[in-house]
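Asker: Read off the chains here:
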Amino acid sequence: MSLLANISMEFLVATGIGWVTACGVYLMLRSRSFPVVLGLTLLGYAVNIFIFVMGRLWSGAPPILGQGAVQADPLPQALVLTAIVIGFATTGFVIELALRSRAESGTDHVDGREPGERPEGGA
Amino acid sequence: MNLLATVVLLPLLAGTAACALIGRGNTPARRLLTALAAGGVTLAALALLLRMAPAVFAGEVPAAGFEWLPQLGLNIGWRLDGLALMFGLLITGIGALIVLYAHHYLGSEDPAGKFYALLMLFMAAMLGVVLSDNLLMLVVFWELTSVSSFLLVGYWGHRADARAGARMALAVTGGGGLIMLAGFVLLGQIAGSYELTEILQHRERIVADPLYPLVLALVLTGCFTKSAQLPFHFWLPEAMAAPTPVSAYLHSATMVKAGIFLMLRLYPVLGGTALFEQVVTGFGLATVTFAAWVALFRHDLKGLLAYSTVSHLGFITVLIGLDAPMAKVAAVFHILNHATFKAALFMSAGIVDHACHSRDLRRLGGLYGWMPWTATFALTAAAAMGGLPPLNGFLSKEMYFAEALAGADRLSWIVPAVALLAAVSSMAYSLRFAHDTFFNGPTRDLPADAHPHDPPAGMLAPVALLALLCVAVGLFPESTYGPLVRLAADAALGGPPPEFHLALWHGVNAPLAMSAVAVLAGFALYAGLMKGGALHRYLPRAWSGKAAFGCAIDRLFAFAGRVTAATENGSLQRSLLIMVAFAVLLAAAPFWQAEALPTAGDRALMPATSLALALWALLLITATVIAATHHQRFRALVLVGIVGLITALTFVGLSAPDLALTQLSVEVVSTVLMLMGLALLPQHTPRESTALRRGRDALLALVAGGGVAGLTWLMLTRNHDSISWFFLERSLTEGGGNNVVNVILVDFRGYDTFGEITVLGIAGLGALALLDGFRTRRPAADADGRAWAFEQQPLLLRVAARVVLPLALLASAYIYWRGHNMPGGGFIAGLMTSVALVMQYMALGQARAESLLHGAAGRRFTRWIGTGLGIAGLTGIGAFWFGRPFLTSAHGHPALPVVGELPLASAAAFDLGVYITVVGATLLTLSVLGAASKEDHA
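These protein sequence lines are chains A and B, in that order.
At position 105 of the first sequence the residue is numbered 105 (my numbering), and the sequence of numbers has no breaks.
At position 395 of the second sequence the residue is numbered 395 (my numbering), and the sequence of numbers has no breaks.
Be aware that one or more of the hints could be misleading.
What the hints assert, rightly or not - Now the stretches of chain B that chain A is said to cover, found in silico as 3 or more residues with beta-carbon under 8 Å:
1. 417-431
2. 464-478
3. 614-627
4. 643-656
5. 701-714
6. 725-734
Unchecked claim - Derived Cβ-Cβ restraints for the label pairs, each shown as a range:
7. Gln67(A) x Ala847(B): 14 to 24 Å
8. Ile762(B) x Glu114(A): 27 to 37 Å
9. Ala847(B) x Glu114(A): 27 to 37 Å
Quick caveat, the hints were computed from the structure, so don't treat them as lab data.
All of these numbers come straight from a predicted model, not from anything done at the bench.
C-beta atoms are modelled at their ideal positions from N, C-alpha and C, and glycine is treated no differently.
Based on the provided sequences and hints, a complete structural model is requested.
Answerer: Structure (structure tokens):
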């Protein structure tokens with residue numbers, strides 16, 4: 001178990017964020033609206049954790065006064081709290097945009113047309 | 001309020017508001033009242049200026065103002081010297097005549113309120129330009145004249161020529177104003193101030209500065225575009241699509257003189273150098289000759305006058321350029337004279353147009369017999385324009401000749417020669433205006449509804465007054481315009497002008513001889529061109545400044561189109577790819593320049609627990625499976641939920657209980673939302689990307705992910721110096737709470753939170769706007785045959801939901817209340833309530849839950865959002881009562897009278913607003929989606 005002992009939480013967090021970011025970016029670059037929404041959601045998780053850990057990692061030290069000698073950095077937490085809620089609202093908006101777009105264009109392709117179709121009114 | 005500011009603010013606020021309000025109905029009575037209001041305001045401004053005039057004549061310079069943004073040199077400052085007074089009287093005096101004339105000119109279907117309100121706006125802008133002491137404020141008013149002139153020229157917005165003319169005028173004069181602003185900024189930096197009073201005292205420093213030529217070029221570009229000097233003259237003839245009162249006001253007396261005004265205004269600092277003389281005189285000479293010649297060939301009455309105006313503006317520009325004090329006297333004198341006769345001529349042209357429904361000189365003719373009074377006054381003004389004695393135009397022309405002759409010694413013999421040539425053309429086109437309109441009859445095929453007649457007295461009176469003024473000034477210049485000319489020349493020169501005496505008769509001298517030659521040659525030129533009606537058959541060439549402008553605009557649009565087509569081909573995938581790639585490059589750039597790659601820091605690391613390691617492995621596997629098999633949408637969605645749960649557990653493990661609670665509740669609503677969306681979308685994603693494309697995307701994704709991971713690693717292994725400890729120290733003493741995250745949200749950074757819940761509300765409203773009235777068929781089951789909704793809501797679930805709801809509401813209330821000291825608060829409580837209500841939707845069905853909540857397909861939830869934002873906003877405003885800035889928490893200032901329970905109340909009320917907004921926005925987003933989907937039972 002010497003290998004395990006050498007692994008730090010910092011390493012796990014960094015690689016975890018990186019991997020979720022990579023999967024999110026890959027999905028974001030897909031051509032249909034639903035995977036793009038999923039990709040944005042994954043990217044949202046990664047970004048939120050990224051901002052949160054900029055206050056460094058703290059164990060058992062919630063930023064609540066009178067519960068211990070040490071408190072975690074509260075500022076990134078406050079920033080991320082609102083970011084989570086706004087992230088939800090934008091996810092909702094994007095998925096409703098995707099529905100509307102599909103109803104208007106008849107396809108869930110992100111460009112509003114099936115591949116191979118000519119763009120409308122293009123120059 | 002001081003008098004100077006009132007002069008500008010009166011038309012700007014009172015004038016525009018009164019005219020717009022009174023003129024809302026277009027009845028005859030209201031039209032009259034509107035005109036009276038406009039006239040009253042104009043006369044009031046004129047009276048204010050006259051009241052201050054004695055002080056200016058006594059040598060004072062009334063000034064007023066206050067500091068606004070002194071760091072930027074942006075101050076409100078007014079200043080009334082001789083030059084400003086002269087222009088102010090010109091603007092308000094001619095303005096009053098225009099108001100009277102326009103009342104009779106406008107047709108019964110033309111909205112009078114719009115016209116007079118815009119006229120007042122323009123007048124205020126002009127007064128602002130001439131009365132400003134601060135150069136930056138001057139630019140604001142300068143651009144306001146461009147904008148209001150755009151609106152006035154485009155007054156008849158249904159006519160294509162009016163729209164095109166208005167656009168062109170705005171593009172040229174507004175663009176020129178922006179270039180001028182650049183010049184002013186340089187000028188202000190050299191002089192160390194933007195106040196004219198200050199700048200006017202730093203001539204040596206400014207002229208000696210290496211940037212002086214650039215400043216001069218930029219400022220003169222602004223002046224030349226406004227005053228229609230070659231090569232920017234072409235907008236003025238196109239602006240003739242404006243109603244004639246507008247042309248008479250803007251394009252003869254005021255706006256086109258703004259450039260002239262500014263050249264005179266800055267003459268004491270910018271002028272008097274060889275460069276200034278050569279450039280300004282050069283452009284002026286080119287303009288005066290070219291435009292006078294072109295004017296002769298215009299068949300449109302107003303077109304002829306427009307080119308004549310361009311020519312006369314060139315005339316004044318030459319005089320400003322010539323480096324002699326008397327030239328400035330002549331320039332100022334001609335500004336007044338030109339305004340007098342040209343306004344009269346434009347108004348006569350409008351009368352002719354009104355009566356004959358045509359302005360085409362080829363069709364008009366012999367009108368003297370039909371409209372003798374109009375003809376008499378118009379002929380007088382035309383004679384002044386041509387420079388015939390004993391009229392005012394003759395006097396300033398004589399002075400011009402004298403200065404041009406004097407300039408020949410310094411510059412070249414070309415100056416007087418060109419001046420003479422221009423005077424010949426000027427005589428010829430004045431003659432054409434008079435002869436082709438009022439004589440040279442009979443009329444040639446006028447429109448059928450033409451009935452030439454003299455207009456009502458109110459329309460004729462302004463013309464008559466101005467024509468009589470032409471005669472009076474010609475005969476008695478010293479007792480009419482004399483004092484004003486002396487005063488304005490003093491200001492333009494920055495010191496008293498040389499002794500002079502304005503008079504009709506100066507004896508037989510060279511200027512008189514030049515005048516005689518000009519008159520005779522002008523007659524001969526016109527007679528020669530008109531022989532056998534040849535002039536009427538002349539067709540203008542296709543090439544013109546207008547065509548060049550149109551061509552330039554077309555090129556610009558084509559170029560913009562090409563750039564757009566090259567960068568944006570309508571593919572979101574490509575745009576996103578470029579965006580991500582650019583972000584990666586941007587983040588990598590600093591490392592590129594670094595000498596060595598950074599290494600991990602020396603912060604003591606936290607050993608990984610086996611639980612963390614297991615979660616980490618689960619995370620990697622889940623994310624990989626999502627990316628690899630996202631075509632199975634339902635499964636991918638469930639797996640995304642797992643990633644969300646791991647995120648929440650990360651928050652738990654890393655000392656962020658508030659975030660964990662938030663993430664958990666968001667996860668519930670967000671998954672429900674995505675499921676509802678998925679029900680209306682295809683269940684599978686087709687495999688359509690090529691292997692190459694997938695590989696490319698994967699590569700970019702790996703680079704981006706690797707970069708983020710590396711960056712995180714570098715940051716996490718270093719200790720940080722945070723400003724957060726400030727919040728930790730003060731949370732209890734100043735925010736009155738133990739939960740620092742919540743105190744930051746509702747107290748320290750309350751303004752941010754207010755902004756964020758506003759965004760939340762807007763996102764909800766955006767969803768409503770997107771799907772309002774939108775209906776789509778939802779299949780009953782997904783591809784694998786799983787039903788999307790219960791056939792009959794299960795009894796157990798309904799009962800459970802009923803039991804859970806009050807409990808959940810109670811729990812949210814508790815979470816909300818304890819938020820200031822324990823994990824919780826408005827955001828989390830709001831999400832918990834939402835989860836409980838969403839459960840009702842699931843258990844009872846959309847329709848039943850809606851009717852219980854009075855949701856009205858989500859629309860009612862907008863009220864929740866409004867209420868929440870209202871409470872939060874009012875809490876913030878409440879701080880004003882205690883003389884504190886917006887959103888100051890009452891607790892932070894224990895010196896206030898009502899201490900005790902109040903401190904907690906203020907932040908808690910704000911948090912209540914947060915709570916209600918969150919519930920409203922969440923339910924709105926879900927509810928519109930639910931309302932949009934109708935089950936397909938077919």
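Asker: Look at each hint and say if it fits the structure.
Answerer: Status of the hints after comparison with the structure:
1. 417-431: violated (count 0)
2. 464-478: Violated, because only 0 residues of the segment 464-478 of chain B bring their Cβ atoms closer than 8 Å to Cβ atoms of chain A.
3. 614-627: Check passed, 7 qualifying residues.
4. 643-656: Our answer is that it holds, as 9 residues pass the Cβ test (under 8 Å) against chain A, meeting three.
5. 701-714: holds (count 11)
6. 725-734: holds (count 4)
7. Gln67(A) x Ala847(B): 14 to 24 Å: Violated, since glutamine 67(A) and alanine 847(B) (Cβ atoms, about 47 Å apart) do not stay within the stated range.
8. Ile762(B) x Glu114(A): 27 to 37 Å: Since the Cβ atoms of isoleucine 762(B) and glutamate 114(A) sit about 32 Å apart, the hinted range of 27 to 37 Å holds.
9. Ala847(B) x Glu114(A): 27 to 37 Å: holds (35 Å)
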